[in-house]
Amino acid sequence: MTTPHNKLRAVAAVLAGGLLLGPAGSAQRSDIFFDTVEVNVVNVEVVVTDRDGRPVRGLERGDFTLLVDGDEVEISNFFEVAGGRTAGEAEAAPDPGAASLLPRPDTERLQLVVLVDERNLNPANRNEIFRNLRDYLATELLPSDQVLLVRLSDGVEIVQPFTNDPVVLLDTLAELEKRVGRQMEFDTDYRLLMRQLQLASTALPDTGAGPESPFAFEAAVTDAQRLAQQIEVLAEKRLRNVRATAAALTEFTESLAGMRGRKAVLYVSDGMPVRAAEALVEAWVGTYEIWIQQAGIGQLQRTLNSLITRSMNFDAASDLRQLVAAANANGVAFYPISAPPRRSRSIISAETRGSSVTGGRGPESLDVTSLESFNLEDSLLRLADGTGGVAFTRSVNIGGLLEQMRRDFTHFYSLGFTPAEDDGKRDRPRKIDVRVTAAGLEVRHLKAFEERDPLERLEDKARWTLHYGFEDNQLGVRLRPGEPERTGRNRYEVPVMVMIPFERLLLLPQDELHAAEVTLIVAARDQRGGVSKFQRIDFPIRIPNDRLAAALTGAGAYEMRLQMASGHQRIAVGVRDHLARVDATAVVEVDVGAEESDAAGAQPGS
Numbered sequence: 001m002t003t004p005h006n007k008l009r010a011v012a013a014v015l016a017g018g019l020l021l022g023p024a025g026s027a028q029r030s031d032i033f034f035d036t037v038e039v040n041v042v043n044v045e046v047v048v049t050d051r052d053g054r055p056v057r058g059l060e061r062g063d064f065t066l067l068v069d070g071d072e073v074e075i076s077n078f079f080e081v082a083g084g085r086t087a088g089e090a091e092a093a094p095d096p097g098a099a100s101l102l103p104r105p106d107t108e109r110l111q112l113v114v115l116v117d118e119r120n121l122n123p124a125n126r127n128e129i130f131r132n133l134r135d136y137l138a139t140e141l142l143p144s145d146q147v148l149l150v151r152l153s154d155g156v157e158i159v160q161p162f163t164n165d166p167v168v169l170l171d172t173l174a175e176l177e178k179r180v181g182r183q184m185e186f187d188t189d190y191r192l193l194m195r196q197l198q199l200a201s202t203a204l205p206d207t208g209a210g211p212e213s214p215f216a217f218e219a220a221v222t223d224a225q226r227l228a229q230q231i232e233v234l235a236e237k238r239l240r241n242v243r244a245t246a247a248a249l250t251e252f253t254e255s256l257a258g259m260r261g262r263k264a265v266l267y268v269s270d271g272m273p274v275r276a277a278e279a280l281v282e283a284w285v286g287t288y289e290i291w292i293q294q295a296g297i298g299q300l301q302r303t304l305n306s307l308i309t310r311s312m313n314f315d316a317a318s319d320l321r322q323l324v325a326a327a328n329a330n331g332v333a334f335y336p337i338s339a340p341p342r343r344s345r346s347i348i349s350a351e352t353r354g355s356s357v358t359g360g361r362g363p364e365s366l367d368v369t370s371l372e373s374f375n376l377e378d379s380l381l382r383l384a385d386g387t388g389g390v391a392f393t394r395s396v397n398i399g400g401l402l403e404q405m406r407r408d409f410t411h412f413y414s415l416g417f418t419p420a421e422d423d424g425k426r427d428r429p430r431k432i433d434v435r436v437t438a439a440g441l442e443v444r445h446l447k448a449f450e451e452r453d454p455l456e457r458l459e460d461k462a463r464w465t466l467h468y469g470f471e472d473n474q475l476g477v478r479l480r481p482g483e484p485e486r487t488g489r490n491r492y493e494v495p496v497m498v499m500i501p502f503e504r505l506l507l508l509p510q511d512e513l514h515a516a517e518v519t520l521i522v523a524a525r526d527q528r529g530g531v532s533k534f535q536r537i538d539f540p541i542r543i544p545n546d547r548l549a550a551a552l553t554g555a556g557a558y559e560m561r562l563q564m565a566s567g568h569q570r571i572a573v574g575v576r577d578h579l580a581r582v583d584a585t586a587v588v589e590v591d592v593g594a595e596e597s598d599a600a601g602a603q604p605g606s
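Numbering of the sequence shown is given in the numbering used here, commencing with residue 1 and proceeding in unit increments.
Because the hints were derived from the structure by calculation, they are not lab data.
Remember, it's a predicted structure, so these values are computed and weren't measured experimentally.
It is possible that some hints are incorrect.
[Unchecked claim] Ranges of calculated distance between the beta carbons of each label pair, as one might list FRET restraints:
| no. | residue 1 | residue 2 | range |
| --- | --- | --- | --- |
| 1 | Glu589 | Gln322 | 47 to 55 Å |
| 2 | Ser306 | Glu403 | 44 to 52 Å |
| 3 | Thr139 | Arg182 | 28 to 36 Å |
| 4 | Thr418 | Asp135 | 44 to 52 Å |
| 5 | Gln294 | Gly529 | 52 to 60 Å |
| 6 | Glu503 | Asp154 | 44 to 52 Å |
| 7 | Arg260 | Thr139 | 49 to 57 Å |
| 8 | Ala439 | Thr139 | 17 to 25 Å |
| 9 | Gly416 | Ser395 | 28 to 36 Å |
| 10 | Ser153 | Arg260 | 25 to 33 Å |
| 11 | Thr437 | Thr139 | 36 to 44 Å |
Glycine included, each C-beta is placed from N, C-alpha and C at the ideal position.
Modelling step: build the complete structure from the supplied sequences, incorporating the hints.
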């Protein structure tokens, strides 16, 4: 992501309808006598299936045990969702119109995020999956479904915002299919190195009839050392790629934190070689270990020992764990799908993973292809299992995976609990475990959560609005940008007025006035994806009692002045009415310094 060029300068309160809105931070919250204690209930969505993967219905609260950090906690809220509706809804609301008054989970539609990982995806595998995805989108997409297409290359890029138009989606997929990601480069380097190991000489000095034998032996020793060095170089390159992938995916899950309802990502990838050196080192050992022992080559024995020891440093397991933790914290479940590997052999079992030579000589004796395949597949399985999703590895069955996702969205149990407030654990992830009394059932759910205060949740919602343009605006917030003022080369100051209808706010009486407490959270995103730092602004409102009736027909206004670079900008504002405990988000698009931006874009090398 590019370095953000947006900056919030000064924020000044203004007059709205002749009513004074106090300057930020000028009023003390203690002068409002109102109980603002907010109970933070954490809801854990649990999918329960039988051995055949069919949803299990009819379980009750007493069938579940919920543990947080290993300690059982009380399930304060409980309901079952079947077919996208709360179980028993029809019985509880015989009048069809009354059903809408009952609390409902926000799972009526599938909000599908398709993330194509070009850093770790062979184009041939991708195209096979895309063919199946196109067939599904063309025939099975429901009117209520929304699909977001994202690609991961140098960073995460939204190539198609949420839409239900199959034509638009199919056209975007066709464009994606033309791209060649970095995986081709990694595959070429990997195959070349493996081929060199397969053809490597292991000549012994006391074999052969000609005088060239000692030279062949020396050349074989030099070649072995060279290949060991190449393994470390390639392993380091692969490790950096895995870590960059995990970091980009982590940032992407954070952008989804404010998305309403349950969040699922269909992750199209061959998998990440988390143990970046494992298969390469095993191939080298399989080629040279017996030869080193037979020839008694001291320097190569030291190379072997060093290579095995150093291979443990090329491990991104901690990065994968951090990604899973971020996905859990932001409520994102991953559903990876990968195509069957080409020229694949049987998968090596977990028990034999990392074993040494099993007889014979060369990489093929170790079934290194299967070892590498297991390494890639293992990352996808861990990502799915750690976030409550399902992995469809060695498959192109998009229809089956999406139907599984739809079942997970519309058939689940919600278990709510209230975290302890004084246990000192708020600033770290809390582990979750859910158990059912019945035997033989599979239970899937997010494995952890992080507590967020109301303003942190508002920032999540504002970030979602900023990235994807979706408003959740029950407060009726309006954003009115003014004319940008140039302040320097490629620098502008953009005034933006935030308007909040008084009638939407909770105004409490205080002697001679009515008061509301509002906080604004503001950020901007430039056309390259750079995001400014989120700014929080306290916005107390004080209305004299004799002006209240007139005020209710107007709006509170707050002017912000944003420092921005030229180009297209998206500004998102989150608003929280603290007394009513209501959040809203609004977004506006502005073009800043269009003439200067066009001129800069026309300059060579700009």
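Self-check item: Violated constraints from the hint list, given by number and in increasing order
Solution: Per hint list: 1, 7 and 8 violated.
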